[in-house]
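Student: Chains as they are written, first to last, in the working numbering: chain L, 1 to 800; chain Y, 1 to 343; chain D, 1 to 170.
Derived Cβ-Cβ restraints for the label pairs, each shown as a range:
id, chain 1, residue 1, chain 2, residue 2, range
1, Y, TYR4, L, ILE270, 18 to 28 Å
2, L, GLU611, Y, TYR4, 54 to 64 Å
3, Y, ALA60, D, GLU126, 19 to 29 Å
4, Y, PRO302, L, LEU649, 24 to 34 Å
5, Y, SER58, D, TRP23, 18 to 28 Å
6, L, GLU209, Y, THR307, 48 to 58 Å
Partial list, computed: chain D residues near chain Y (C-beta under 8 Å):
id, residue
7, PRO30
8, MET33
9, GLU36
DSSO-like cross-link-like pairs, simulated, lysine-lysine; straight-line CA separation at most 27 Å:
id, chain 1, residue 1, chain 2, residue 2
10, L, LYS470, D, LYS170
11, Y, LYS134, Y, LYS198
12, L, LYS556, L, LYS579
13, L, LYS621, L, LYS400
14, L, LYS65, Y, LYS134
15, D, LYS170, L, LYS9
16, Y, LYS296, L, LYS769
17, L, LYS569, D, LYS170
18, Y, LYS296, L, LYS766
19, Y, LYS134, L, LYS689
20, D, LYS170, L, LYS726
Just so you know, these hints were derived from the structure itself, not from any lab. Just so you know, even glycine gets a beta-carbon here, dropped at the ideal spot from N, CA and C.
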Amino acid sequence: MDRLSYVGKSMRRRDGPDKVTGRAAYSQDVKLPGTLVGRILRSPHPHARIVRIDTSRASQLPGVKAVITVDDTKGIKHGFVETPRYPPDQEVLARERVRFVGEEIAAVAAVDQVTAQRAIDLIEVEYEILPAVFDPFEAMKPGAPEVHPVLPKIRSETPLPNIAGRTATGWGDVEAGFAQSDYVREDRFESHLRTHGYLEPQVTLAHWEHDKLNVWTSSMGTFIKRAKLAKVLDLPFAAVRIHKTYVGGTFGGKIDLYSHEYCAARLSMITARPVRIVATREEIFSAYRHGQPLVMEIKTGVRKDGTIVCQQVRAINNAGAFRGSGVVVIFLAWGFTMLPYRIPNLAYEGLSVYTNYPVRAPQRGHGCPQIRFAIESQLDRIAEDLGIDPVTIRLRNARKPWEALPNGDNVHEAGLLECIELAARKSDFLAKHGRARQAKSTIRRGIGMGVSSYFGGSLIYPNGSGVIVKMADDGSATVLTGAIDVGQGAETVIAQIVAEELYLPIEDVRIVSSDTDTTPQDIGAWISGMTYVTGNAARQAASNARDKLLQLAAEKLGCAIDELEVRDKVVRRRGEPGKQITYREIIAHSVATRRGDTVIGEGFWRTMRDEPTHPSLATTKGRWSENYAFSCQVAEVEVDTETGEARVLKAWTVHDCGFAVNPALVKGQVDGQVSMALGHAFLEELITKDGYTLNPTWLDYRMPTIHEMAHSQDDEIVTEEYTVGKSFRVKEVGEGLVSGVLAAIANAVYDATGVRMHSTPFTPEKILKGLRQLERKERLGRAAVDIQEEADEQATALPG
Amino acid sequence: MILYEFDYERPASLEQASAHLRRLGDSARLAAGGTDLFPGMRVANERPATVVSLGALSPAPPTRQPDGAIRIDALTRLAAVADSELIRDAAPMLALAASVVASCPIRHMATLGGNLCQDTRCLQLNQKHDYQFKPDCYKRGGAVCYPFPNNPPGTCWSVHLSDTAPALIALDARVEIIGGAGSRWASVESLFSGSGMKPLRLAGDEIVRAIVVPAPAARFGWGFRKSARRGGLEYGASVMSVALTAAEATQTCRSARIVIGAIRERPVRALQAEQMLSGAALDAETIAQAAAAVAKEISPLPHHGFTRSYIRDDIRVKIARVLREAADRALGADGQKGEADRG
Amino acid sequence: MDNALRIKGTRSQVVEICVNDEWHEVSVRPRHMLVEVLREMIGLTGTKDGCEQGACGACTVLIEGAPALSCMTLAVDCEGKHVRTVEGLAPDGRVSPIQQAFLDQGAVQCGFCTPGMLMSITSLLERNPRPTVPEIKKALDGNLCRCTGYNAIVDAVLQASGQGVEPLMK
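Just chain L, same shape as in the assembly (with noise of 0.2 Å):
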């Protein structure tokens, strides 16, 4: 790929002059005259019957001019996922119920913030409360409290109370398996609840005006919240535009469509104002969606050189109080399971449980940080128990290129088998592994591995893009597409792309994205999927426009195509220097010839675009996606085991992006997800208690600061690569480096101490406890020993 210009390159991003200056205009940032302040009256119950609301004294505070509850809405629900067997469930205000604390009640615009609040601590509600359920095991016990009734479908699959979905899958004959294996093992790991952080609250600005809402909120992705706000609105996607704004982080937190962004919009279709809504930070972190905390029950058979002969695999999803994206994450914890290594026989149960908590969204990665510490930390223990090391053991389950995987799908030129050699390599991992124990010094430095696999682009949901490419009349272009740049650099990704095809010089290529009434449809950036599926519509209409410069261009120096050659928007033909036509030149034939048309390049891309349809949800049947990355991480941690202080020294990440369109944006995405993964390990934690969250705050929520950086190390497999008018396989980078890390993480701690962790975060408390029991264990001559929580007694003891 050496004879490109601009693809493969480290390109600087083209909005960063814009962030660095501080013209960078983010939702809150948008300014319009007249600009009423929204509020949200919230619900301080877990679970309760709303026996009457009085908005009365609101509405007649002087500068209030508008309060909404749930009577005046369409009554249109809608979902994370929205199909026959998950149908839409939750209201844009609560009805008639109330089953987390925060959930939104009633909504007031008023003129100032300080009138906002006086209007919210003027609405009476009187409640009825009702029992709560906090945690899936109790949930799912006869005579829980109901959070919802469980639908016909599902409750056709289990008897279980509480169960907001169901995923069942599995292949071969694991009972056979189980009897053929050398060695079976089974574990139980929890992953705890914590959430995305992004620095950029969540705000919404609305107006009505004309007939049209005008909306400027903070996304993951424009034309799916106005698909979702123009549904629960009753209004044709026509009348609902999404303006661009920039998006100051997200990491899962901000695709579903929110009550606050619903009653910025009707408030202003009320007052005829323009109506924002800022959550505080207190909201964002007690009411808004986090990651979901997941259990994951393992029981894992293999023969003796480590190779696997079975799975069992159980995932358990606190959802909360409506389905959400749970449906999503129990079905994506079996393609997490499946992915990397080679699993002859398969059982697996998802099931994804309502709770009286705020609804769960996904977190980047979306289930895979919580299986593969699971699996990873559980093969680790197989291949010590069996006197293998990890990298071998790995080697061995790991999938080769182009096998085909059980759902049909295919894992092309997967670099697995590279990534663990090489991040083996590079981390010196077996001369460092197995030593801590035998260190004198109370501080142990401990090492381990961690393999995954992610997807980029699926049609879980119909994940198409579409790319306008124009000319202009000095040959630079403008393109037109719906990608949504929310930090990962898809705007300087596409115009590398298209400043490659085009072969013009980068600076001019103009990007235009993300506003709804403008730029055509994208999914947005989640599903992981911009690079490869809006990447390849970008190529395919700058192609198009290319060929239509050359098709004219052979017009005018009259030969064939095929003679042509292009450099800096000027087109000759070979071997004759005299006969050469610029793009302006071109432009202006076509303007003068084409009955004054300029150039113009569309390209549309789809993923599996022969595929009808996205695999079921239930059973996961039917093809998931035809882009698969892997990766292998190492992780170096020390521990104090006086004090059971862990940090994270340096982390190797080794992965088969395919090729890197930007290698510089990718290790920004490495070091990102290592912090992502450490904080998960060692720091965050969200700690509620009865349905409270004690602590929504930056200062008691702990994200990794400055202090907590690791050192970050990038490497790249590469196994595809870039072609100008051919299309490309690009391997996702954004979301599948939190999960290897992390398992990583974990089993380097066990390297230092000998303790195993079975859930997350790995604190001090456990961390000690652990190293307390193995002193009194090896007193008595037994070795390493595991931390098992307490509602491990209650999950064996499950009922069905």
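Fit chains Y and D to the supplied structure of chain L, relying on the hints for placement.
Tutor: Relative to chain L, chains Y and D alone:
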């Protein structure tokens, strides 16, 4: 943001500020850096009708008195305390303590006096109360305690989290306080009431004017450790501060102060452990015993997600390290200066 | 600012604040924080409002050269003071070395923490032109970033202070 209108006074002197407080009574609050008051007003834990801002007053630089004590204006920013050559030389433990408070911008806004006089804190208290923990708790004037429901009314177990207070108490520092009755002196230790409801022993119109740190005796050593999960932006699970002097010609301890902050409504002294050290050899065995004694005699409150037993166990390990550092400094092994790491 | 002042909560007071070398007269109430004055009244939206709790650092500005959290600073207390925001770092359109280094190192992703980071770094480099990595961390421990993991930000400070880190991006 603060969601009600309040009046503002900006006096030209500390005496004027005190006069305002006298005149306005309990409806006024003093703002120096504002880093404690304004977050409290944002969540409506404090709702003063008037904010009396000390923003017009500039602190005098730290000075060394004829008796060798260091006088620090209470309005000195924490960053200035941390960076002051004089304080780093004469009271390095205080410089270190100031340098680990919160975060860099807060250290540039917050004052030493304000850090001492900060309000006690608890998770359920220090967040907005729009829908969580809405009925007022005892500290907010109500009838319930959320973290400790069995506490009788008026027993508030919110914790005093100042990083500088333990250091100043260990250093036997005193404060000059001005008020309607003129000025008075008090030990920093006596500034704290031990009550979460009203943590400071200050009359409504009293203002801390200066902090004076006495010159250390011969063979003085110090150790300091803030135990926190992250390297910044944190309150401590505990803040440990040790000041001791070694006897003239031997390796024994003459006197010691062991102060633990961030575990109770005020910093506490481990008096029994101090007594145990007094006259004892500063060897590993004594230090281990003293550490165990500290862990035994303190009664930490669980706070900010830390359990009582974790705090105690953590202190047991770390106070031994802090005692060792102090002993080494006193015995001349390590020199007087240097920075202990936070952990 | 050396005059005593009294303002009634419900009345506005005109105060003069110098922002990026330009004096502004703004009409404020005591409860208005500096961040509101900057963003809403003067129209400089580069300074971000990330938490209004004084914890995330996105609102960091410089007041008389020292880093300050503008969401926790009363506007009336800024009377007569010199405030610098991110918009003041490139007065003639030419970006400062640290802004350029952010672009060169990929230290900007979503960009929301960036203005606050740049102000904290500007203050650091004015006090300490060649900071060590521990000194950089100490100066930036009040600026949270969720995107970059801080690695590229540290590299940007090292590049801008001439400490041997070469640009990563072109």
